[in-house]
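Residues per chain are reported as follows:
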Amino acid sequence: MEILKQFGIDPILLAAQVVNFLILLFILKKLLYKPLLGVLETRKNKIEESLKNAEEIEKRLNETGEREQEAILKSAKEGEKIIKEAGDSAAQIIEEAKKKYKDIVTRAAEDAKKLNEAEKVKLQQEIKDSVADFVVLALERITGKVLTQSQKKEILAKNINNYK
Amino acid sequence: MEEAIVLKPEVLGYFKSLPITNTLLVSWIVMVILIIIAFLAGRKAKLVPSGLQNLFELILDFGYTTVLDLAGSKKAKVFFPIVMTFFLYILFSNLLGLFPGFATITYHKEPLFRSMNSDLNMTLALALTSAVLTHGFAIYYLGIVDYLKKWFTLNPIFLFVGLLELVGEVTKVVSLSFRLFGNIFAGEVVLATVSRIFAFIVPLPFYFLEIIVGFVQAAVFMMLTLVFMVLLSEKHAAEH
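Protein chains in written order, with our numbering: chain L, 113 to 276; chain Y, 1329 to 1568.
Same shape as in the complex, but just chain Y (with noise of 0.2 Å):
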């Protein structure tokens, strides 16, 4: 197996148009295991949880909490799907990519299975999801009128600011894919270097760190999703 640092995601075939990379076969994965993880902790919700259901409500509990602390009770009804969705995503998906087989499984000499936020595709689909949905309600809330006045005003200095602000609403996307992404290609990096070293036990710390990470990753793209969501569809006060 040649260890050369792969940007682009392998290609396993097509089915008509579509390149099914190793990446978009894991995020299907991890689609399927959480839809039947969701399945079975919300199936029979009970008043005295157990089991799974225990679990995910302590996840829902903490996050629509956080959500309604900033977003107020209104807006957190409709925000709180979205970012905690980007969460369970992107969690599942860092963690399964530590699991074993991954890398070293392949393919037509392809490896089959590569983590999902390794691949700049689905990172950069997912900020870009992030960035719409943000915009998108921000025009709901504001009306369009006043979302547009959040970039252009008849004031030179304020149309600058405006301007600048606009230039940062695409460096957002770029640095959550860029983040999300260079995170756990780094990561999957190190495991490989490290695991060619010595494969038993020395990369155990890594794998340690890399589930932090994962987690990590996981919190800063919901938080800064859900920042972005409540600053957006704020009104923008009047004065400086």
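Just chain L, same shape as in the assembly (with noise of 0.2 Å):
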């Protein structure tokens, strides 16, 4: 083989090199392509989790959203209903109110009248009364004697007709 020796082909040459390269690859298995391929691996792995757990979490997000958003509202419709029955609850107190002021007011009036009607009453009788000594003193005077029971008595219902 003339042409091998030409570019001096050595098997020694050649079992040297094939020696190289398989002590290469050993320990670049060994030092680079295991622990950056593991990295690489695990990099991956997390990456997935995590976008896994945003989606997760982004899912929940929108969940808690929608029951915040439904709670809102039934809690506006709550208040909406409170407030139109305590709107009913006042205007019914303001009525009871308005009728018991009424009662009040017609009772007083009554009162008042009785009273008035007590004192006139008894104005009555005071007038009565004095008016009666009045007439049995003028009378005493004027006729000089002094008057029976009997006789004060005709007397004053006589006048007292008459003054009524």
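The set of hints was computed from the structure by calculation and includes no laboratory data.
Be a bit skeptical, because a hint or two may be false.
[What the hints assert, rightly or not] Below are the BS3-like pairs computed for lysine-lysine, each with C-alpha atoms no more than 30 Å apart in a straight line:
hint, chain 1, residue 1, chain 2, residue 2
1, Y, Lys-1374, L, Lys-142
2, L, Lys-158, Y, Lys-1403
3, L, Lys-146, Y, Lys-1405
4, L, Lys-164, Y, Lys-1374
5, Y, Lys-1500, L, Lys-141
6, Y, Lys-1500, L, Lys-117
7, L, Lys-146, Y, Lys-1403
8, L, Lys-146, Y, Lys-1372
9, Y, Lys-1402, L, Lys-141
10, L, Lys-142, Y, Lys-1402
11, L, Lys-164, Y, Lys-1405
12, L, Lys-164, Y, Lys-1372
13, Y, Lys-1402, L, Lys-164
Bring the two chains, given one by one in their own frames, into a single complex with the hints.
Structural data, given as structure tokens:
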């Protein structure tokens, strides 16, 4: 094989290079490929996991938002209801108060009327009495006699009837 | 310095019966550099990468995805380290061969350093390793019977085709080794010639070209090895 000689092919050199390659393969596998590919794999897994987590978090966030919205709507409705009820009862209370107020006023007016009446009667009585006394006294003076009880009464009755 | 185009690597000395050629010396230097870098990059592999780890994660991730796409997840774990080592080894030696001092520093009137892949010994050794591993995986994944059926069948036409493919397997080794060798060796010659015309600035575009060639050749070697491995370790379709 003249051509191989020209290129300087030497089986020992070939073997040396093969050995070189195998050594390099072994060492690089141990030092470079294994750790770096391991790290790449771990990172890939981690990123996948994180993405999944993020998705779940977003889902949960959405759910929470919906629930929140629902709760807000519900409470708004409830608030409206409460306000309406309050308005109703307030109107009722006002109505009742008005009624009571009317009652009180009428009763007070009646009381006042009654009181007036009583006062009037009393006054009349007093006037009657004092008029009677006055008439008796005047008669005594005029007639110069003391009237008996029966006479007094008779005269009084007459006068008072007139007076009335 | 006589500038004859020498295909053979220069022998610097002998270690017992092992001739220490300048290319072998460079291959050791490349190995040491790669091992140091690998140690630094993978020493404290962290989940949040930084510096060298970042760079190598980029390279490895790209390589691993490529292997994964072609070979599937089961075989990718086996093929990837081999294919990636081919890539890194060839890439680093090609780039290192462009450094100053190569072919200019001499030792006993011979250049001390010479780009590793400008020696057919080195590229042929890599190609042979690639071929042996490829066929080894084929036997491992198919079983010896299915593997032999790839080449030898009772049908005379397919027997002929099988024999042709067997020749093709030899050609693969030759093409892998000579492609790499030819590209890098030619690059060396071009750089030497241009530098002799005018040593400043003029060689720069060629250096730039050689950087690209160095990368491309490494990638080509890696991809071809990967494709051969995948193709051979797949079951032969029963009907052609």
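Okay, which hints does this one fail, numbers in order? As far as the earlier hints go, not one is violated by this structure.
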